[in-house]
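Let's have the full structure, built from the sequences with the hints guiding it.
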Amino acid sequence: MPRLMIDGIETVVPQGATVLQACESVGSEVPHFCFHSRLSIAGNCRMCLVELENGSKPIVACAFPAEEGMVIQTKSDLALKAQKSTMEFLLINHPLDCPICDQGGECDLQDQAMGYGFHSSRYRDNKRAVTNKYMGPLIKTIMTRCIHCTRCVRFSTEIAGVKEMGMLNRGEGAEITTYLEEALNSELSANVIDLCPVGALTSKPYAFVARPWELKKINSIDVMDAVGSSIRIDTRGSDVLRILPRLHEDVNEDWISDKTRYACDGLKQQRLDRPYVRKNGKLESTSWSEALTTAALAIKNLQGRQMAAIVGDLVDAESMYTLKRLMNNLECPNIDCRQDGAKVGGNMRAAYLFNTTIAGIEYADAILMVGTNPRWESALINARIRKRWMAGPIDIALIGKKVNLNYDYDHIGVGPKTLVEIMNGSHSFANILNNAKRPMIIVGMGALARSDGSAILDTALKIASNTGMLNSGHIDNKKNSIPIKIWNGFNVLHTAASRVAGLDMGFLPHNDGRDVAGIIEGVKSGTVKLVYLLGADEVDSDFGDAFVIYQGHHGDRGAHIADVIFPGAAYTEKDGIYVNTEGRIQMGIAAVFPPGQARDDWKILRALSERVGETIPFSTLECVRSALCAEYPTFSTIDAIQPAKWGEMFGTSHVITDIPFTYPINNFYMTDVISRASRTMSECTEAFVLQRHNSTCLSKERQIDKSVVG
Amino acid sequence: MTIKEIADDNLQPKSFEWTDESQLMIDNTLKQYPVGRQASAVIPLLNIAQRQNSNWLPIKAIELIADTLDMPRIRVLEVATFYTMFNLIPVGKWFLQPCTTTPCWLRGSHEVMSCIKDKLGLFEDYATTSDGQFTLLEVECLGVCANAPVLQINDNVYEDLNYDLTAKLIQNLKNGERPKYGSMSNRQGSMPKDGPTSLISLKKSDGVPAWWAKKKPAAKG
Chain R
1 MPRLMIDGIE TVVPQGATVL QACESVGSEV PHFCFHSRLS IAGNCRMCLV ELENGSKPIV
61 ACAFPAEEGM VIQTKSDLAL KAQKSTMEFL LINHPLDCPI CDQGGECDLQ DQAMGYGFHS
121 SRYRDNKRAV TNKYMGPLIK TIMTRCIHCT RCVRFSTEIA GVKEMGMLNR GEGAEITTYL
181 EEALNSELSA NVIDLCPVGA LTSKPYAFVA RPWELKKINS IDVMDAVGSS IRIDTRGSDV
241 LRILPRLHED VNEDWISDKT RYACDGLKQQ RLDRPYVRKN GKLESTSWSE ALTTAALAIK
301 NLQGRQMAAI VGDLVDAESM YTLKRLMNNL ECPNIDCRQD GAKVGGNMRA AYLFNTTIAG
361 IEYADAILMV GTNPRWESAL INARIRKRWM AGPIDIALIG KKVNLNYDYD HIGVGPKTLV
421 EIMNGSHSFA NILNNAKRPM IIVGMGALAR SDGSAILDTA LKIASNTGML NSGHIDNKKN
481 SIPIKIWNGF NVLHTAASRV AGLDMGFLPH NDGRDVAGII EGVKSGTVKL VYLLGADEVD
541 SDFGDAFVIY QGHHGDRGAH IADVIFPGAA YTEKDGIYVN TEGRIQMGIA AVFPPGQARD
601 DWKILRALSE RVGETIPFST LECVRSALCA EYPTFSTIDA IQPAKWGEMF GTSHVITDIP
661 FTYPINNFYM TDVISRASRT MSECTEAFVL QRHNSTCLSK ERQIDKSVVG
Chain X
711 MTIKEIADDN LQPKSFEWTD ESQLMIDNTL KQYPVGRQAS AVIPLLNIAQ RQNSNWLPIK
771 AIELIADTLD MPRIRVLEVA TFYTMFNLIP VGKWFLQPCT TTPCWLRGSH EVMSCIKDKL
831 GLFEDYATTS DGQFTLLEVE CLGVCANAPV LQINDNVYED LNYDLTAKLI QNLKNGERPK
891 YGSMSNRQGS MPKDGPTSLI SLKKSDGVPA WWAKKKPAAK G
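Those protein sequence lines, which keep their order, are chains R and X. Residue numbers for the first sequence, in this note's numbering: 1 to 710. Residue numbers for the second sequence, in this note's numbering: 711 to 931.
Incorrect hints may have been included.
[As the list claims (entries may be wrong)] Have a look at the derived ranges for each label pair, beta carbon to beta carbon:
#, chain 1, residue 1, chain 2, residue 2, range
1, X, Q722, R, I92, 57 to 63 Å
2, X, D777, R, L283, 54 to 60 Å
3, X, E834, R, A359, 54 to 60 Å
4, R, T657, X, S764, 56 to 62 Å
5, X, Q722, R, A129, 22 to 28 Å
[Stated by the list, open to error] EDC-like, lysine to aspartate or glutamate: derived pairs with alpha carbons at most 20 Å apart:
#, chain 1, residue 1, chain 2, residue 2
6, X, K714, X, D835
7, X, K770, R, E181
8, X, K714, R, D542
9, R, K163, R, E175
10, R, K163, X, E773
Treat the hints as calculated values from the structure; they're not laboratory data. C-beta atoms are modelled at their ideal positions from N, C-alpha and C, and glycine is treated no differently.
Given below as structure tokens:
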């Protein structure tokens, strides 16, 4: 623990900390570009020069280890002169195009040039010009602005795990590029836009859209996957213009996936902005009053058991709870929140959560993944696993189709057979799990959303018990700052943002009710005559003759088969509670109003309940929340994980088929109604999933570049 | 500083394989590095590949090296573009690299350059004559400043050049000869042009080498 003096303030920093971190610990700001706390140290921008007493020359604070007895001056004449001179060098080749640069207003170089720059340049020669590079449909490049901090190269190599980015040539000719200008094929690629301290890498879909000072910024929660990343929604007027990550150490760190960031343009397409009723086989727009009456009439004519309700993947807890109350009042037991048919849920909360927690992955020493492709199902959990893999030796094994996860793993099988072998102890990986101190098992929807899903869940639970994943055994906590008291290595990786909330409130068939498969069957046999779809678009059925009420925000599959459509609010348009795959309760905040006549989902359900004659006594969102928390106390603590207790096994043994696991997501960029409506996501699908290299687009871009430069 | 362009697709070979000779050299090179540190051999391997492929590196060779050393392709390309010694576009049989850094420039490197321009019509970097025999690349210091101006042709450095000597050298190469490298003005090593100017009082009995004793001192006293 070196003790050192910075600007006259004494401080003690951990062993191995750098001078820059020591300076930050006493609140002395040191300008810097290339340093980033989550990336390796490069030390190549030279902006963080500070004076070391008795040193022969200024030192680079970001790369210099803090040592006992150092005396550092960050504001001395020497330090300021060094910083000013570095800034002058950086600005020699940096174009003065701030007025047409998208980074303007949130640019590190611009800000620091105000603080540390000269008033004018002494440089009289020509500035260098660099041709722009193609990096895919998300990243716009203006490479003349690049100051070669290599943050993007380090991010893509270290965090994203795609080693395709680098710096070619040398000296004044140095250029950042991808290998042969291929698109940067990573689900986290757009984070380089945030990392870029200048306007060299900017957002292509957001190009020339708005200035940062025009935007209203709302902190909210993402629903594109079950990670529940912390996001900032930037809006102007009624439009969501962009989505940026927000720091949350335990969930997404500083990053978000490309889908989270760019699916927001789908919020303007295909929207349901008025109620519709099907008349003579054709959907016609109508008034709220007529739509509610039509739906209420259909409901009133039926028994509880003749109805069914399915909720989709993007629904907030409050709406789900209101729907559950309505269905309870109507005595309808056929409710389900698992539209993919996953065999999860029940009394034992620990059996459907990601118990280890996302941050906990960093302490694991063996990971078994079953029927999951975390790279596409939750890119940020995959990034955590990669972070753990980078940190030191770890055994990772996958059962399922072989995929590129950006880290090494053993591909030990494709189907349940291997899982059973591990349970019996006959597979070699069982020994690895047994010998590991903190083993983990991650069960994906690919293993659970199938007919023998509950048997597979049972097998996975048994593996967890057998290999000591669940004990509170001694945890060597010397290295860790976060105390983990009880290690629970059993994890279910969900893909839907609404799923855990639905399971927590028991939005499941009860009293011999039907699950999704049963509802589809019931519709076929004519027993189920009405289906209420709350944002459920991924159910594999058109519900034949049944009366379909669709409540949601996009004109997607659910709306096409509906008889009545209630236009609801998307996640950026409503306050709502979401529970991520860890069981973390998080609150999303509305950034804009729903379009047209669309309304908050719980209000629609409240209005419908009145028409049906089963009024739910909710008058405000707070009423819904207090009722929800009273009934299910887990919802009461925001941004916390209530540790789930391990209980008895299901004990039921079913037959396990030997069909290989398939993954639930075939296209990372299009998984829900919002991303399916997004133009940017369809471009990503073309470029990355279909691997269709957009050559005409590329050559056109190159021509433009040449005409600008030459 | 020249930005190294990568050869167009129509110039790139369809495939690149190690020859047996190269493979042997690679095996020997890799032995020099500890297990897991094979990536250190990237520069030797680039050199081997370039020698195998008439003095330039196609993209297929970069990718083969990346596969051989189990490292990302971009890391190999970074190294190949960093060093001027690696060519990423096809070059002629004779790769002319005149030095124009200050010492050579003071001693007349412009004569070498203008001779190459006159005789071969080459004045831009990586320009190749139409017969594919000569390629020009103006380079920085070759470390032979005492014998400036110098011109490196493939692996050899030709020293003490002027316009006429360069013209003669080029003519020799055109005729299919390989002139002896080193000083073109018949100077011994980096010795002063007109013979020794120091240590001239040494006698044979002082242990002076035979060639020294033969030399007639240029100036006395």
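The hints, checked one at a time:
no. : hint                         : result
1   : Q722/X to I92/R: 57 to 63 Å  : violated (36 Å)
2   : D777/X to L283/R: 54 to 60 Å : holds (56 Å)
3   : E834/X to A359/R: 54 to 60 Å : holds (57 Å)
4   : T657/R to S764/X: 56 to 62 Å : holds (60 Å)
5   : Q722/X to A129/R: 22 to 28 Å : holds (26 Å)
6   : K714/X to D835/X             : holds (10 Å)
7   : K770/X to E181/R             : holds (16 Å)
8   : K714/X to D542/R             : violated (59 Å)
9   : K163/R to E175/R             : holds (16 Å)
10  : K163/R to E773/X             : holds (13 Å)
Comparing the model with each numbered hint stated earlier shows that hints 1 and 8 do not hold.
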